[in-house]
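Visitor: Same order as they appear, the protein sequences are chains A and B. Last residue of the first sequence: 284 (the working numbering), numbering continuous. Last residue of the second sequence: 571 (the working numbering), numbering continuous.
Simulated from the structure, these hints should not be mistaken for laboratory data. Because the structure is a prediction, the values reported are computed rather than measured. The hints are all genuine.
As a list, the in silico SDA-like pairs of lysine to any residue whose alpha-carbon atoms are at most 25 Å apart:
{"id": "1", "chain 1": "B", "residue 1": "K400", "chain 2": "B", "residue 2": "F102"}
{"id": "2", "chain 1": "B", "residue 1": "K344", "chain 2": "A", "residue 2": "E174"}
{"id": "3", "chain 1": "B", "residue 1": "K344", "chain 2": "A", "residue 2": "L277"}
Between beta-carbon pairs, the in silico distance windows are:
{"id": "4", "chain 1": "A", "residue 1": "F137", "chain 2": "B", "residue 2": "D189", "range": "51 to 59 Å"}
{"id": "5", "chain 1": "A", "residue 1": "T116", "chain 2": "B", "residue 2": "R404", "range": "58 to 66 Å"}
{"id": "6", "chain 1": "B", "residue 1": "Q347", "chain 2": "A", "residue 2": "G134", "range": "53 to 61 Å"}
{"id": "7", "chain 1": "A", "residue 1": "T5", "chain 2": "B", "residue 2": "A236", "range": "38 to 46 Å"}
{"id": "8", "chain 1": "B", "residue 1": "A236", "chain 2": "A", "residue 2": "Y126", "range": "30 to 38 Å"}
{"id": "9", "chain 1": "A", "residue 1": "S270", "chain 2": "B", "residue 2": "L164", "range": "30 to 38 Å"}
For each residue, glycine too, the CB sits at the ideal point set by N, CA and C.
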Amino acid sequence: MPSATLLGQSVLSGVFIGALYGLLGLGLSLSWGMLRQVNLAHFALAFLGAYVTFQLAAVAKVDPFVTLAITAPAFFALGMALHWFFLRFSVTLLNTLLVTFGITSIIEAGIQWYWTADFHRMENAYAAVRWKLGPLFLSLTDVVTLGFALALAVGTWAVLRFTDLGKAIRATTEDAPIAAAFGVNEKLLGYLVSGLAAAVAAVAGLCLALNHTLAPVQIYAWMGVVFAAVMMGGLGRPIGPLVAGIVIGVSEAITMAVTNPTWAPLVSFSLLIAILLLRPARFS
Amino acid sequence: MRTALALGAIAIVLCAVPFVGLPAFYESFLYLLLSAIVLATSWNLLSGYSGYFSFGHGAFFGVGVYTTAALTGKLGWNFLWTLPLAALAAMVLGVALGAVVFRVRALRGELFALLTLAITFVLATIALNAVDGGPGIMVNADIPKLAPTASGVLYLLMLAAAALTLWTAYAMFHSRFGTGLFAIHDDEDVAEVMGVPTYRFKLAAFAISCALAGLAGGIHAIFVSYVTVAETFSIALAVNVVLMSALGGTRHWLGPAVGAVAITVLLYAFTSGQAAVIGRALTGLILIIVIVAMPAGILGQILKRFRTKTAPVRLPRSEESMQKAVRHSSEPILLVRGVAKAFKGIQALAGVDLEVRRGEILGLVGPNGSGKSTLINVVSGHYAVDGGSIRFEGEELVGKPAHRIARAGIARTYQIPRPFPQLTVLQNIALPPMFGQVVMDRASAEREAWRWLEFTNLADKAHRYPGELNLHQRKFLELARALASRPKLLFLDEVLSGLTPAEMDGALRLIRAIRDQGATIVFVEHVMRAVMELTDRVAVLTYGKAIAEGVPGEVMRHPDVVSAYLGAAHV
Chain A
1 MPSATLLGQS VLSGVFIGAL YGLLGLGLSL SWGMLRQVNL AHFALAFLGA
51 YVTFQLAAVA KVDPFVTLAI TAPAFFALGM ALHWFFLRFS VTLLNTLLVT
101 FGITSIIEAG IQWYWTADFH RMENAYAAVR WKLGPLFLSL TDVVTLGFAL
151 ALAVGTWAVL RFTDLGKAIR ATTEDAPIAA AFGVNEKLLG YLVSGLAAAV
201 AAVAGLCLAL NHTLAPVQIY AWMGVVFAAV MMGGLGRPIG PLVAGIVIGV
251 SEAITMAVTN PTWAPLVSFS LLIAILLLRP ARFS
Chain B
1 MRTALALGAI AIVLCAVPFV GLPAFYESFL YLLLSAIVLA TSWNLLSGYS
51 GYFSFGHGAF FGVGVYTTAA LTGKLGWNFL WTLPLAALAA MVLGVALGAV
101 VFRVRALRGE LFALLTLAIT FVLATIALNA VDGGPGIMVN ADIPKLAPTA
151 SGVLYLLMLA AAALTLWTAY AMFHSRFGTG LFAIHDDEDV AEVMGVPTYR
201 FKLAAFAISC ALAGLAGGIH AIFVSYVTVA ETFSIALAVN VVLMSALGGT
251 RHWLGPAVGA VAITVLLYAF TSGQAAVIGR ALTGLILIIV IVAMPAGILG
301 QILKRFRTKT APVRLPRSEE SMQKAVRHSS EPILLVRGVA KAFKGIQALA
351 GVDLEVRRGE ILGLVGPNGS GKSTLINVVS GHYAVDGGSI RFEGEELVGK
401 PAHRIARAGI ARTYQIPRPF PQLTVLQNIA LPPMFGQVVM DRASAEREAW
451 RWLEFTNLAD KAHRYPGELN LHQRKFLELA RALASRPKLL FLDEVLSGLT
501 PAEMDGALRL IRAIRDQGAT IVFVEHVMRA VMELTDRVAV LTYGKAIAEG
551 VPGEVMRHPD VVSAYLGAAH V
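Only chain A is shown next, with the shape it has when bound in the complex:
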């Protein structure tokens, strides 16, 4: 049994990694729940965002947070383009999965071609900022990730819950033709949601670059965990995936502390399988 300090530090790091799961899951949950698209390319987009941030920060010496001014709008446009593609060819739900798998391969190949398959780590001044909290350590980049995740999830929730725009989006989710008949511009809302989901991927990319080493193969490493978080938290819900992500992150961290770290993927994937088997009706 590991010491209490180690366990505490594990739980803390689990919370932070869980925040990133939730951040990645936010976009996925929105596009699946509201647009009926399972967007595997979301992960590739987030990594693309991370690499672009890395490039701008490491080579052009731009402050990592300033890069968002470039990546977020660019990704918003990418998200809209993807939605246009799905509408133009009326791609079915299962086929969105296959098409975005194809897009993932293309982005992954693109990353590998430009940045090679080697690991990259973004050096930046923020990484060095750490605080001591009793026996535990906190780093600024982790706290920033949690902050982004909380702000975006709660913000999205509030927009959906309290504004007319949110009401229109929820109505469209429930029955697009009927919503359209009542004067909701459901096409425009679709582009908006898809664009926002991609813009969130840009934010997630920034957090990835701040906290993690980057390699193209790692795109796949995040899929299972984030899908588990999204499906536990609920499709089309902003806060659910974050809460579920933190639960998964903490259970993974404890698994790693107690047993061998290589067992960690078993936690999230077993959870995902269990949810699929026990509550499949939630997703149809």
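Start from chain A and add chain B according to the hints.
Guide: Relative to chain A, chain B alone:
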């Protein structure tokens, strides 16, 4: 005869390859080509035929690899002996998984795909931690001396596996089994109600698919000679087999093989260094293009062109006489007692009692939402009842799966026609006879189908797809499909709604003709003219209860019935 000779010649040429002294490189390339054919074709047996897209094929392949690697590398078994075990291990795993997964009705489409993706990672984690402990397994097996070189032997083994796989795919494609799987692909619920044992078929297809992948894995363990988790349980393999099958065409037994050859040759052109990256991007691009622009795949596209050129072949009418007319009697064929069904608190059926007598046409009427369609769904086994009993010819139906009920001789139509969209009209109608009371092979089922095509005046549409029919023709297709299994009891769910008066007259003639052939009919309808004209007796349902049963004229004057339709009289 000519095809047999051609096949024999091809087989001899392929078997001779290792003995002509080609450089080992060619043997290895052909080996990879064949293993791609095995993997794509075996994936297609479940995923292409029945539409359960799996992203976990790499996992079953991996189980085969690790079985052989562990048995030869760690325990020193003879390599050939491990191959059946590799297939068996993958199959057992597939069956165990399918036995759980296929019971869950909602686990289809993207959810099944995600589930199988997750299984891959779980197995990879277990293999990494429990079997090879990280560094991988060295495989030093004695390769039997079947050919001059080791790569030649592996080529021959994979050739045998490919032949076995293609033969399996061909046989399944042309059998009842394959037809049932294609029906599951299009509409699983309807397939089950038409008599297809969907659960068993999916499980069997999955088992065969996994076993063949495991076999390929077993051979591959020797080919790579050093087995690691990262290389074995790769997502790339799962994606590639999906891509190959989609490219070649998932709805034909040979489609995946065509795609496998195309992709393997393409990837071979981009093997070294940076070019491999371009290869990966290209496969992604092709996947997108194929999914969006070529849903039928290369082979499907070619066959489509070919099919429109060949004129539809009309088979001769079969000689068998129609069933003899049964005089209607007072003997009940179906006895419904106290059947209840609730959906989340809405009591759709609240203790229905109903008697259907042999040979009659019973009209089942009632206001919208009174439970008529639910009753059909319950009797045909689509919904499980909450309570009560349903006896058909004295046999209890409650608790039986829908396909057993179909086999007992009960058929139904759907109010909104639900044909299998990707089967032709003829194939649609030929399906139920293959799974009916008397199981027919495909040829006699198609003969039977022709009879009903002519009966419903759809013969000239036999080779069209349901999407090309108008509503009136689709309703008749629905009828023909229900009739083709020669049911003893037939539920017609609003077959007349949406028809013009002229079309309606035709339909009424048809329904009488059906009865004259001996079927008992329960006729659910809102068109009162038809009900009064056609039925022997009428039963009225409201709020999930049968409130009256008897001769049409009397029942419709019954005060409870009048108030159910028009409200209570305030005098």
